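*Asks:* Residue strings, one per chain:
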Amino acid sequence: MEVTQDTEERIVEPGPAGFHPPSAAELGVLPPKSGFGLRFGHEVQEELAMEEMARSMLTRKNATIFPGPLVLWNWNDHAADKAKAVLELAAQLPEVMIIPMPDYRPKYPKIEPEEMINPNHPNLTIWGNKIEACIFIGVHCHYANLTLKMIRAGTNCWTSAICAEQGHEDAMFTVRDSDAVKIRRIAQVFKRVREEMGIQVPENGENVRFTGLQSQVHGGKSHTNPLDIPLGGPGGANAEAFGHRPEDMKREG
Amino acid sequence: MSLNYVEFTPGFDRWMPKEYRDMVHHGPFGKKTSVSQVGTFKEILEEHPMCAGCAMTLFIRLAMIAFPNPEDTITVGTAGCGRLAISQAAIPFVYGNYGDQNGVASGLTRGLKLRFGDKPKDVVVMAGDGGMADIGFAQTLHSWFRKEKFTTIMLDNEVYGNTGGQESGMTNKGQVLKMAPVGKKFEKMDMLGMAKVAGCAYVATVVPNNPRRVESVIKKAVLIAREVGPTYIQAYTSCNIEYAIPTDKVMEDAKDVENDRYKFSEYLSDDARQCLGELYGYKEYLPKPEKTLAKS
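Residue numbers (this note's numbering), protein chains in the order written: chain A, 41 to 293; chain B, 377 to 672.
Simulated from the structure, these hints should not be mistaken for lab results.
Fair warning: there could be bad hints in the mix.
[Said to hold, decoys possible] List time: in silico PhoX-like cross-link candidates among lysine-lysine, alpha-carbon distance up to 25 Å: (1) Lys147/A to Lys418/B; (2) Lys394/B to Lys147/A; (3) Lys418/B to Lys150/A; (4) Lys394/B to Lys150/A; (5) Lys394/B to Lys170/A; (6) Lys261/A to Lys394/B; (7) Lys150/A to Lys170/A.
Given the structure is predicted, the values throughout are model-derived calculations rather than measurements.
Okay, chain B solo, but in the shape it has when bound (with noise of 0.2 Å):
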């Protein structure tokens, strides 16, 4: 495939800034790059204006080596802090407005379908919990019925980080905030089950801190998505501000709460298991072969 479009046309390279020519000649355009390369590749995204000791940010960096193909991965996002970062990376971002998120990313995976057939084009939803989980909560919930062909990953950080610390649906029970004086009354809502119970056929939790995993998680959920139907990770990404986290205890904190109640969870179905099997590698999914009868 002619990647062509990811580099300059003839005679242009030297007016280029630097951050674009190594882009072109070192980035992962093209590439099988791997969070264990980090330092040897241009990364998608490296300058943001997000908070010193941001998990989310970190989580969107690790998000963005793990797409299968970068160069035609498109993201789509709303308001919040993870949209700053997002679309400062070198790949398109589109902005809809709060909430619409999934609505717009469904009519752009049908148009890119009709464009391009069966090249792959992936489209990646990252939003947080309160774009997805309340206001687009309805956009979200719909495209996973209709079964849309795209990946949608919560950045959880439990609160309405960007302005000023309100609960949202994800925030604990009982949390109280600077917009929640008395605490939250009810439940954290169960993203995860209505994923499930809504057809997605890739399920996952992840928190920043071993990006192997992230990694993986990623990967699986594009690939997945790119075949067979809707994936939804969602990601806990601390708001170190509202959650007066110390910067240098923000993946301490990540690891505290995998291990209280954002323990590692992957579900597949069946089709997911059999695609990434039979189509893309993944030893682990192949069927296991019959075992031979012991002679008797």
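In isolation and in its complexed conformation, chain A is listed as follows (with noise of 0.2 Å):
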């Protein structure tokens, strides 16, 4: 693996940045070209900004996933396939958390945030889990500009956006055009790092981590397998519907 040495200048740093900091795009950052991704504001080969997400969450305290409407909800075949990629992404990070935005309205009089992040107050969610790196996909762009803003103004949070449109500047780390084969791409390279920097996924396959109200709704549980779709179930997705048989469900590596 290319060590990278973080000689350039940052742009966009983490924050906390105080109330009201520039954006990233008044800074003079523009979304990456095709190919391309953004490492702390400068454009890169997409691999380098990959590899720097991972690092990230590889190391940072209470790392987080966080997975938007477009990837949540059963929209089509596509929406179901990438939901898949995710957890696929999810499997490759030891100890990560998953916490979701279902949608983007309102939360008075206040959110649960062990159980959700909101776009409107999204440092609540940061702040009360201590996430010191996260990843932000499918999410609607406008709302994710919003919301990367908040956190590098309030939050010593690292950011990531895998972004289905042309990237986000105001994330530390952002790639652009990702499908459901780009994501897959970028969990190889999640597994790649993880591998050379000699960090274990339980062999259980229990690597993602409940915060304590999840862990409550399940009982318990502490950590659960990203990968353990069920088939079927009254009234929720069926996972076989979609085409995906229980051997496509099996842990890579």
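Two independent chains are provided; combine them into the complex using the hints.
*Replies:* Set out below in structure tokens:
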């Protein structure tokens, strides 16, 4: 693995940047060109951006994936496939948490930070769980932009954005045009980086850690296997209906 | 029709908050729910930040139960108390800048028609009397004149409740309010009359203390708007704060007002009657069979 020496001056720095910091666009950062990603505001080969995402998620405390509505809801076959790819990505990150952003409606009088993140006050979930690295995926761009700015303003969380469109300049790391195929490629990069760092995933595959509240909901269970996708079930989405066979759901490597 | 889009993608169930799991497994999407079944299903609107005893919230809650296809309904609103509750519901909400809600709904309705064709996608505007009869008056009337196919519901609390009690066009003549200390100088606007003149296919007044009637009115209005043209419902939803109505007297007040100046009324155009009778099985609107001539 190439050891990247971070010698260039960072444009988009981890926060907390304070109240109302200038946006990355104001600092001159543009979305990356096709085939490239962003690393602290600099355009780099997207493979490098993916590696940096992996390092931040593997080394910083309470790393969390924030899946958004585009992968949480069963819009179509592609959304289901993309969601499965996200779970494959999660399977490469020991002790990672998954906290959903199911929609963007305002939540009053409060949200429960151990069970969801809301784009209008994402800092509550970051602070509440002491999250120091995160990945946004499947969040509509206008709300991802809002959320990423607020996180950079008020928290020390390192942000990554895996975007289906043009990428997000306000994230510390971003890649663009991320369909299910590319998300699986990112998962492979994560796997390679993890192995190079000598970090193991548990043998039983239960590497995703529940938050306290999620654990209570699941009878005190502390971890889960992200690739343990049920086939069918009352009222739920049916994996079998989307062509996912049991052998497809086995952990890679 | 597939309703996969109101279910979770495979594998993510276990991380979804209970509220969402309940909505997917016990919500009204894809089912026919009724106000008489309240308590047996997860409602679209539950938590909200409105004042205790707010009649408007009760009405909004009942209206959302009554939507014929909640999974394919988009609400549009504007500034005012109502949007605080409407925006927290589990169906999409579009916030129009003050007064342009009927303009936004016009564009939205046309866009949905282009995108989804004949698949029902209902647009329902819910806004206060100030947003609709004062600031948004022109856009409201013009959407009716243009025969835009969506439902407009006025949440009429007869005051600007959200900003401290100024009079609106829908306030009654002579009414003294905190920010109208000498009393209102002119009559309450006749929005019902204007709706009929402008060509609304269905016009009704309702108060929230009769849930079945609210349900009936909302269902008819949405179905007629889907097929025929604009529909308008004017709902009395008192502001118990600005009118100093004790919380436990809110429904009593609604009943009194209904008996006094807000009597139930319903107007249907001929096309609307035909639509309900022939397309949606409302027997009372089917043409009556001709009486057989008595034998001479």
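*Asks:* Each hint needs a verdict: does it hold in this structure or not?
*Replies:* Hints and how they fare:
1. Lys147/A to Lys418/B: 17 Å, holds
2. Lys394/B to Lys147/A: 15 Å, holds
3. Lys418/B to Lys150/A: 20 Å, holds
4. Lys394/B to Lys150/A: OK: Lys394/B and Lys150/A at ~15 Å, within 25 Å.
5. Lys394/B to Lys170/A: 23 Å, holds
6. Lys261/A to Lys394/B: Given pair Lys261/A, Lys394/B holds - Cα atoms ~16 Å apart, limit 25 Å.
7. Lys150/A to Lys170/A: 18 Å, holds
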